[in-house]
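Colleague: Each chain, written out:
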Amino acid sequence: MILLQWTLTPELLYQAGTGILLFLLVVAAIFSVVQKDLLMAIVGTSLVSLILSVLFLLLHAPDVALTEAAIGVALTTAIFLIALRKTGRYEE
Amino acid sequence: MIYYIASIAVMLIGLYAVLVKKNLIKIVIGLSLMDAGTHLLLVAIGFIKGGTAPIFSEPGLTADAMVDPVPQALVLTAIVIGLAVTAVALALVIRIYAQHKTLDIRKISSLKW
Amino acid sequence: MKKLLAAFLLGFIGYYLYTAFAGVPFGENKMEVGKDYLETTVPKTGAVNTVTSIVVNYRGFDTLGEVTVLFLAATGLGAILFGMKGKPEDKHREPSSILTTGAKALFPIIVLLGAYIFIHGHLTPGGGFQGGTIIATGVLILILGIKSFHANHALLSVMESLAGITFVVAGILGLAFGKNFLENILPLGTPGQVLSAGIIPIIYIAVGFKVGAELAGVLDTLMSTTRGEE
Amino acid sequence: MPELFPLSPVHYVAAPLLAAFLLPLVAKLSRSFIKILPGLTFLYVLYVSAVLYPQALQAPIIEQIAGWAPPLGINLYYGPMAGLFASLFSALGFIVWLYSLTQMKQEPLDRFYILLMMLVAGATGMVLTGDIFNLFVFMEITAISAYSLTAFLREDDKAEAGFKYILIGSLASAFVLLGIAILYSYTGTLNLADLALNMDKVPLSVRVIVFGLFLVGFGIEAEIFPLNGWAPDAYSAAPAPVSALFAGITVKAALYALARVTILLFPFAGSMALISILGLVTLVISELAALHQKNLFRMLAYSSMGQVGLAIAALGLFTAEGVYAALFAMINHAIVKGMLFLTVFAMAGGSATLDGLNGMGRKKPILSLLFTLGAFAIIGLPPFSGFWSKLSVLTAMGQTGNYAMIAIVLATTIVEAAYFLRATGRLYLSEGNPAEGKTPLSAIAALAVLAAGILWIGFFPGSIDETLTAGAQDLLDTAKYTEGVLKD
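Chains as they are written, first to last, in my numbering: chain D, 8 to 99; chain V, 20 to 132; chain P, 8 to 237; chain Y, 5 to 492.
Bound conformation, chain D alone (with noise of 0.2 Å):
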């Protein structure tokens, strides 16, 4: 009986997605910090851009998402890819 009221409701839904979500960005941001490939790493850091600017559209901020979307995802990988290129891959 007591599995039947949980119902999925969308406040439920909306709650469980953002656990997820958070629990995602400490593992991305432990995932850039621990790889030792640095592309990788980079990669890491990109995926918590990214689901930063998921997690800024949920707290209501478009503004910030829009943002965080252009200059983290996008150009600050593309800075640190070309940093990447100038130098070594590989952390010894």
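The set of hints was computed from the structure by calculation and includes no laboratory data. Small disclaimer: the values here were computed from a predicted structure and weren't measured. Glycine included, C-beta positions come from ideal geometry on N, C-alpha and C. Honestly, I wouldn't trust all of these hints.
[Stated by the list, open to error] Restricting the straight-line Cα-Cα distance to at most 27 Å, the calculated cross-link-like pairs of lysine-lysine (DSSO-like) are:
no.	chain 1	residue 1	chain 2	residue 2
1	P	154	P	111
2	Y	298	P	37
3	V	126	Y	298
4	P	186	Y	205
5	V	126	D	43
6	P	42	Y	491
[What the hints assert, rightly or not] Reference listing, derived: stretches of chain Y covered by chain P, where coverage requires no fewer than 3 residues with Cβ under 8 Å from a Cβ of chain P:
no.	region
7	11 to 20
8	296 to 310
9	473 to 485
Since the structure of chain D is provided, determine the placement of chains V, P and Y on it from the hints.
Modeller: Same frame as chain D, now just chains V, P and Y:
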């Protein structure tokens, strides 16, 4: 509340990378993670349950049903500043690499603490 | 040993940060100044997007500083990497013709999108910074897609300067009209229209051009820097 | 003109900004504009000071940017203290420009002058602003210029010093931003005066945490021990004119911010005592470290931190006399240390060691004389400016009964005297290699202005008494500050 915890966690992960990691690019990654955590924290402070985005795009919206716009404006500024710092830091990394052919701070004598 | 020390420090900072924020209720309305902004933005600034009106009007001084920070980053980056221009990296790979054609076709669309975003900054989400960044991304696609492409630095720096001067002059005009620095001197118009909100669209368009030019310059400078091995 | 453009404090920031944006354009017309434009800008800003500062001594000038009354808008607070600092920064900027005209040859010069102007404008903005987030933005402007200038020269180790600086500086700004976030989440406002009135909304334990964040954040920029590991590297890596500005401007702006924030938002006895103790520790450790340095710029950097430590120790008393003494010490330090950096560079070049000074007394008599003057002034020998500043520090400490502090300050003075006299002795008592090259007149003129300042204050200490007293009162009178800003 979980927003606060997660963003503080991201910030601390970044700080950990800055303090412990030996690779210059990793350290810069740590700095940008610290920034990311702070930004999420600020936006989360301004959030109001049941609020809408602070844009009067439709006639029916009223001021008392909106989230706080101030932290959003601050974060916008902070993100751009973060990008600027990251770009300068990476330019320095490129120059250090050109001189020393390594990104490992243990091999660059003047970067040891 | 160092890791242990770091872990201790992290625990220390984390604990105190957590206690500081534990007293801040999440999701509740605790606005003081924010409320005033929301209530006055449409009647007093003419901007429908409150975030834009704060960024460009109420706290426009911050934004002038922010534009300066980006300008300084571009300037500093050029100074740091000065004299490190190398030969173009041609040995790596040739961009495929699909990429080249695609870049040429995409670029105008991306520029239009960016321009749309900064022209409508006072109405919809986005503004000068977002639009300018999107345009810079378009330039990045050109750099990647067309081998011989190099951004015209002279043109970029003229654009950057003119846009920056526009922002400061818009501020000084406020003083010249007997008002305050950066104060609005234009009619507010009908909120919701493209031509409304006084000087906000003008400033945001200038910011858009400036950010676009600066970031494109930064990307091009970084791309044309030599690799360490040479 | 006065009717068309009424002078207001915002000109301190707007004029250099306009010049910085214009510089790339006019550089295309003629290369010589690159050098002229910054000079004109600094002259204009000095003119602003000449008009506004006397007014500020009567009553603080409060300007509302964009016409929004605080706490909605950002305001500038141009009181006696901010006016003093802004005028000092403008004057130092002008002198360093005059010196750089002939001494700074490294390309790209247009970028160098843009960064130089913005370093001064950013520091001035930090001093003027009445809004805590705006303070953060100006701190970033100053910091990014400083990072780039540190790595401006091409030689080895410059980029490393810049990276170290950017790393620690970013931590500083992250901490300050966090502090701002906490304050905003409790009070819902960002204006300093409004925050001061609303601090009771913040629980005491949280206030301590925020104070810690600000102390670390501003303390890094103000080179307080143990957060100053970046400073010797940055000072010795940066071009000498820039090092002079670091010592004279960046540190002062950060100190001003720390003092203003502490006194407005965290006026509890513990926070002030902590600042005082940190200042003393900085003083002792830096002076001892300076004793071991072979590289002259590192020696001056450590000595600089020591001097700032002295100022912080006096500031931490937070009595009228203490702040007066701290202000005096800061002004003295800005003038004297600026002169020493510039003199050493003109005398022995960018990588000067103690040996480089050997026998300079005969080869470059004017520069040697200036160095000696600076060394004596730093040690605190009468009748130079340093004597009066040290005396006022000791008096302030005596009045609060801190005799241990007096003993420490006197002991460090002996250490200071040891290494500065050693350096001076090299000038006159040792034989050295023949030096070549003449120092251009404009560089000598720049140094002469500073030397004149040292002597003027040395012989007529009463002439700056009024400004210092007004500055100290301005900082301590928080009620006047908040009422002035929030009068509407």
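Colleague: Could you run down the list of hints and mark each one as holding or not?
Modeller: So, going through the hints one by one against the coordinates:
| no. | hint | verdict |
| --- | --- | --- |
| 1 | 154(P) - 111(P) | holds, 12 Å |
| 2 | 298(Y) - 37(P) | violated, 57 Å |
| 3 | 126(V) - 298(Y) | holds, 24 Å |
| 4 | 186(P) - 205(Y) | violated, 35 Å |
| 5 | 126(V) - 43(D) | holds, 18 Å |
| 6 | 42(P) - 491(Y) | holds, 20 Å |
| 7 | 11 to 20 | holds (count 3) |
| 8 | 296 to 310 | violated (count 0) |
| 9 | 473 to 485 | violated (count 0) |
The structure does not agree with the numbered hints 2, 4, 8, 9 stated previously, though it agrees with the rest.
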